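Enquirer: Okay, here's what each chain looks like letter by letter:
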Amino acid sequence: MIKENVFQVRAENLTKEEILQWTSFTEKDQFIIKKLQGNSSKLLVGPRGSGKSMLMRWAYYSSIENEPEILPIYINFEKYLYIEPILHQASNGNVIFTKWVLSKVITQIVPTLVECNRYDSEKFSKEILDFFKVDIEYLQRLTYQLEGGSAIDRIEELTSSVDLSVGNVIAFIKHILDQNNMKRAILLLDDAAHAFSPRLQKEFFEIFRVLKSREVSAKAAVYPGLTNYSPYFNIGHDALFLDVGYSPDEPDYISFFDDIMEKRFGDEVFTKLKENRAGLNNLYYAANGIPRGLIVMVEFLLDDNTRKKITQREYYDAIDMWTETVSKNHDSLKIRIPRYKNFVDVGSEIMERLLELIKEYNKGKDKSSKAVYIGISNPISAELQKVIDFLEYSGLLREKKNISKGIKGVYTRYLVHLGKLIQANSFAEGKTKTLAYSSDSISNSKLRQFARIQADRIFSEEVKSRCQFDLPPCNNCGAPRASEQAKFCTGCGAELRSASIFYEIIEQEIDVLPLTSKRIQRIKIDSEIRTIKDILMDENGIELKKVQRIGAWWADKIRSYAEEFIGG
Amino acid sequence: MKVPTVNISEETLTIEYSRFFVTEKTKNLSPIDTFYNECTELVKMTEPSMLNENPSLSRLLVLGFVSAVEKYLRSIFCEVIYLCPHAKKKSSEQKIKLGSIDYYGLKKAAEGIFEENSFASSKEIRSLSSSLLGFTINQGTSLDAALKEFNKVCHLRHCAVHGAGKLNAHNAKELGITDDLNEDEHKNLLADSNALQDALKICFSFVRAFNQALFENAIKSWVGNVIKGGWHSEKVIFGGLIQAFWSAVDNSSTPDLRKMYREIVPIIQPKDVYPEDERNYKILRTLIKSFIEGSSRDDRFFNDLERLSYFELISLFRTLQFYDHEELKYIFERIIEKAKKDHVQLAAIHIILSLGEDLQNQPTEAPQEPETEGIIKTIQVAYNNYGYKFEELFPFLSLLEISTVEIIINTLPLIGIELLFHELDKRGYKEIESVSQNLEVLDIEENDIQLAGYYMLNAKHMDDYMEDIEVVTNYVLRKNGSFELTAFETL
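Protein sequences appear in the order of chains A and B.
For the first sequence, the numbering used here begins at 90 and goes up steadily by one.
For the second sequence, the numbering used here begins at 9 and goes up steadily by one.
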């Protein structure tokens, strides 16, 4: 029997019991959780689906269960981008954003105290009033109104009367600690730095940088690649990186994924899939360290294969399906943040080129000396770095931190997505590829075996010249923008309007969502819904449910697609 | 002692300083649009290659930006002092030189105040706003943040103006520049295109925030005293204020003054409209709200009206008339045309009558011909149920340009021939002719005919309808056989 929520891929949607029951941890995970519970600032870095939320939630629950001295506060900032329009409506948008972040921190103390059976609502309300001059409902309303995009004058009015600063938030937490005989608090800031708004990211890290004291330390989950730290933020000094994700070159990679299989899907499914060990290992590798990938592939295989034997073709289909999802995630950045369109296009080309180069390198090599890494010669130009950032963000490349310095020069090494390698037959087995050959090649691969590539071979001047921000020309005279940062047209002097990234995203037609064209047509015929924004505004899916064949389940699903589309 | 010369000697030169100036027509633009226009010209000079060739340009541009903001502030201050009674009062204690009245003229005399003052720092802007306009820039607001940022641009300007770009210690501190410098080094202002544009954007943000906040401040202080809700008497002063702040550049359209006005006039509560009965407060509230928000032309509005009683309607119309009676007139026209219930039409007529002259003197476009039948019915109801006097109704009928003949004929039993001819007399020959021809169909009391004769004799347009007098006489004679022609004897 497969449990109901078993294919749920977002940790935010799992219950406490599901998290405690299904999560598998490697030694490295245990180490990360220790660090999350520790008393210094940390940045948890990993691509989408790598398990950042899971680790944070685990650290949260296990602190409550096992660490009576620690007050964990878990805050999810998934509505990050909803605040971004403020920057285009007021001069003090950064101050308002700060108040949003801090007011979320304060209000999220409540669930922790409730979970620990230490919540006294009357007393807590009074304390909030003492510290911040407003009550808890006021703070909740404030975050709600900000996330809901209320009119700016209303927001100004709400935020101006709240006395919220990093200083008094820390003092308040200290007060709560003292009251509950606790020693210190850990702030688990999930989805902390939305990848699409560099300006808000910088503001966020300014808060994060100072959000610490002897008793309070903050940890933030961020994506690789597209995270911009504030100018004063000093990585190493202000916070250390913790790399999340399971690197396929770690020795216990296979056994770790076995463990996930068993816990999540139960004995029956696991035994069935184990019949073809090479096939299963291919799935593990193709997941490229992302548990979510494995879940999606297994779901695909089990879907119409409850009884009969799974063929080799089907394994490849499952891998294709998952790697396509990863590539689509990369491609979708073009639509989601159109100004980066050219960088993403170049990235897709470079990715193809890298796969070819690896295949070339692997030709004629023995199974034990195939490469899954590529090294790109330094220096890497700012434009190329940006392209790589997008690839890393989507999980197609993963930088290995230690660079190779040898007689052949200095190289930054990247692990190429293993699913992509399997799909592209990059192990150069010959005319027909087999599951066993690829899994053997990968398990024997070593970091020191990498295909060396000169940066200018993949990133010529011609390619570089294509890496331009795709921003609309002056709408007064039509002249192109002098640069990405330009705020006025030097041709006619007109102001170049800086659109909100959030609006740019939500005003797109629903065609960009992963729905069949038939369904999109139907939605347009049967309802008033045209844009992503319309879906977000359609609370409880009332409008969506007017559409033929859309009930509560689909309405929820479509809404979550829309939210995912905005999510960074 | 002979002091050595260290440079070549100076020379004699006196010049005609008027050569530095040209006379220009003052454009009729709002201060903010003037600011935009000036900056549009300046910002073209941030073209990267132009800056590369003329590096000193960056200093001059910073100066130009701040000076454009300063000019904006001077003009908006003058406008507000001129328009706003509160600001006028606040600034009345200011001393200005007699010469500036001569130079600027009385209307713009306030400009003289700024000859002594500068707007080139946040401190001065704050204090002048407060002392001249009574406008406080509150801490923590968007304007406050914009002003603080603008103050940094003022420091750039200071650096450009007073040291030809060389950064002094105070400016460095204010700008947060803390780099360590060697003894033989200094910081020089030399900004690139993007940096300059950022500085200008900060000026834009400040001017925008200031313009909006000062406008809001003025409006808020006006509502209830300068603006009480009477559109006709207040539209000039209100329009003046809007024009002073309105940006045609940002809005690309002219302001809809009436709509804006309605948005800000004080909202009246149903209990103030109709204290007698609270049963329909919900409907009243909706109606007042939609009228003020400009959705009074929706069908819903008219459906809601029909749910109110006659007296509620009268009270509501009286209130709305105060807000904007031009819009109310539109509503009345539609009521007369389409209302399904008599009492609604009647209430409208009542208010139209009470507006009297005012309404007649300001005719809008000719309304559509209303349905005569409805009008007749309304008049009958007015007479039977509410005791209207018909002379009160005639001005209204003429306003609506209804062909009165049919109405008069149908309402004659109510109206009495005396009044009929009285009214006809006012209207002229055509109508009389037409009524006369129809007299036969009517059953008229002898008495009335006598009176009619009397009226006709005393009528102003006597000469015009001699023929008709004959018609009437013949008719009466035919009908009665005998007739006392005393009234006609003078003929």
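Simulated from the structure, these hints should not be mistaken for laboratory data.
Since the model is a prediction, treat every value here as computed from it, not as a measurement.
Please note that the accuracy of each hint is not assured.
With a straight-line Cα cutoff of 27 Å, these simulated DSS-like cross-link-like pairs (lysine-lysine) come out [said to hold, decoys possible]:
(1) B:Lys290 x B:Lys267
(2) A:Lys520 x A:Lys494
(3) B:Lys209 x A:Lys291
(4) B:Lys115 x B:Lys228
(5) B:Lys243 x B:Lys35
(6) A:Lys522 x A:Lys363
(7) B:Lys160 x B:Lys103
(8) A:Lys291 x B:Lys181
(9) B:Lys52 x B:Lys228
(10) A:Lys222 x B:Lys236
(11) A:Lys520 x A:Lys497
(12) B:Lys160 x A:Lys291
(13) A:Lys291 x B:Lys156
(14) B:Lys97 x B:Lys236
Enquirer: Confirm or reject each hint.
Expert: Now for the hints, and whether the structure bears them out:
Annotation: proposed proximity of Lys290 of chain B to Lys267 of chain B holds, straight-line Cα distance about 23 Å (limit 27 Å). In summary, the hint linking Lys520 of chain A to Lys494 of chain A is not supported, as the alpha carbons are separated by about 36 Å, beyond the 27 Å threshold. Between Lys209 of chain B and Lys291 of chain A the alpha-carbon distance is near 20 Å, which keeps this suggested pair within the 27 Å criterion. A distance of roughly 25 Å separates the Cα atoms of Lys115 of chain B and Lys228 of chain B; the hinted pair therefore holds under the 27 Å criterion.
With a C-alpha separation of about 23 Å, the suggested pairing of Lys243 of chain B with Lys35 of chain B holds against the 27 Å cut-off. Proposed proximity of Lys522 of chain A and Lys363 of chain A is supported: the alpha carbons are some 20 Å apart, at most 27 Å. For a cut-off of 27 Å, the pair hint linking Lys160 of chain B to Lys103 of chain B is broken: about 31 Å separates their Cα positions. Of the pairs offered as hints, the one joining Lys291 of chain A and Lys181 of chain B holds, with about 23 Å between alpha carbons and a cut-off of 27 Å not exceeded.
Note on Lys52 of chain B and Lys228 of chain B: the hinted pairing is violated, with a Cα-Cα distance of about 38 Å set against a maximum of 27 Å. A C-alpha spacing of about 36 Å is found between Lys222 of chain A and Lys236 of chain B, which places the hinted pair above 27 Å, so the restraint is violated. At roughly 33 Å between alpha-carbon atoms, Lys520 of chain A and Lys497 of chain A are farther apart than 27 Å, so this suggested pair is violated. Among the hinted pairs, Lys160 of chain B with Lys291 of chain A is consistent with the structure: their alpha-carbon atoms are about 21 Å apart, no more than 27 Å.
Of the supplied pair hints, the one linking Lys291 of chain A and Lys156 of chain B holds, its CA atoms being roughly 20 Å apart against a limit of 27 Å. Taking the CA atoms of Lys97 of chain B and Lys236 of chain B, the gap is near 19 Å; set against the 27 Å cutoff, the hint holds.
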